[in-house]
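Chemist: Sequence:
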Amino acid sequence: DLARAYRAWGRAFVRDPENEEARGHADRLAAKLGAWDEHVRNYEAAFERAADAMLRSALLTTIARLHDERRGDPRAAIAAYERLVAHDANDPAPLDALESLHTMVGDWAGLAGVLERKVTLAYDVEERGELLRRVGSVQEGFLGDAEAAIGAYARAARDNDTDEAAFEALDRLYVGLERFEPLREVLARRVELAGDRADRVGLGLRLGALCEQQLRDPERAIEAYRRVLDDDAASVTATTALGGLFERSGKW
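In terms of my numbering, the sequence shown is numbered consecutively and its last residue is 232.
It is possible that part of the hints are untrue.
Distance ranges between label pairs, derived from CB positions [said to hold, decoys possible]:
hint	residue 1	residue 2	range
1	Arg177	Asp71	44 to 54 Å
2	Arg45	Glu1	13 to 23 Å
3	Leu123	Ala(-15)	47 to 57 Å
4	Glu18	Met84	49 to 59 Å
5	Thr142	Thr219	40 to 50 Å
6	Asp71	Asp(-4)	19 to 29 Å
7	Asp68	Pro198	32 to 42 Å
8	Arg228	Leu123	18 to 28 Å
9	Glu1	Ala128	49 to 59 Å
Since the hints were made in silico from the structure, they are not lab data. Heads up, the beta-carbon is just placed ideally off N, CA and C, and yes, glycines get one too.
Go ahead and model the full structure; you've got the sequences and the hints to work with.
Modeler: Listed below in structure tokens is the structure:
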């Protein structure tokens, strides 16, 4: 009788969570019976009795996987993995699982929170930058929180002032919010980072127009347009803009 055998091995496992034989038999019989709800309850009872920290982590991991892979309950799995994070905050594995689960259920606020926690564990600048850009993307694209997105992208740019993707995202957001002074700083940095001459010219023309029209800063506008001409001496746009600026400022 498989059911009776499972109950017997299950009781043995709960009484002694370190009994690997009992646990193995209980796992095997639960799979044959599909007794996942009861199996989770046994694992929870074993977790309560277990004293060893590593064993408790292993039991919680199995509980989370049972909810996710066997019971098809991602939210219960999320709750179990959160308990595992609280048990060992320095283990990145449950955060990876939480990232996947929050994405699957469309919990974007939860996903942003998980990515933020992964940032705190990342020591490599490139890895931190990628995670922060993903936080920004979630905040911008799924949660509609431009301020939080700016905060994430700005942190990525501060960590690595050559992060072109972060500066490009800040450019887009500042344009949308009409934040002209920080936009000027971002455009100036993008000009410095641009390796392609055509890109530098395009960004420089945008910077010049911004300084001239929105910021009313003719000196910075002249500087930007002159830099454009360094790359493209035939730029009619820059030449015309400089002519107008010189005429208005009496600098002929």
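Chemist: If a hint holds in the structure, say so; if it does not, say that too.
Modeler: We went through each hint and held it up to the structure:
1. Roughly 48 Å separates the CB atoms of Arg177 and Asp71, a value that falls within the hinted 44 to 54 Å.
2. Our hint of 13 to 23 Å for Arg45 and Glu1 holds, since their Cβ atoms are close to 21 Å apart.
3. Between Leu123 and Ala(-15) the beta carbons are some 50 Å apart, a value that agrees with the proposed interval 47 to 57 Å.
4. Between Glu18 and Met84 the beta carbon distance is about 25 Å. The supplied range of 49 to 59 Å is therefore violated.
5. Taking 40 to 50 Å as the suggested C-beta distance range, the pair Thr142 and Thr219 does not conform, at roughly 31 Å.
6. A C-beta distance of roughly 25 Å is found between Asp71 and Asp(-4), which places it inside the suggested range of 19 to 29 Å.
7. At about 59 Å, the CB distance of Asp68 to Pro198 disagrees with the hint of 32 to 42 Å.
8. Between Arg228 and Leu123 the beta carbon distance is about 44 Å. The supplied range of 18 to 28 Å is therefore violated.
9. One distance hint, 49 to 59 Å for the beta-carbon pair Glu1 and Ala128, holds here, with the actual separation near 51 Å.
Going through the hint list in order, the structure does not satisfy hints 4, 5, 7, 8.
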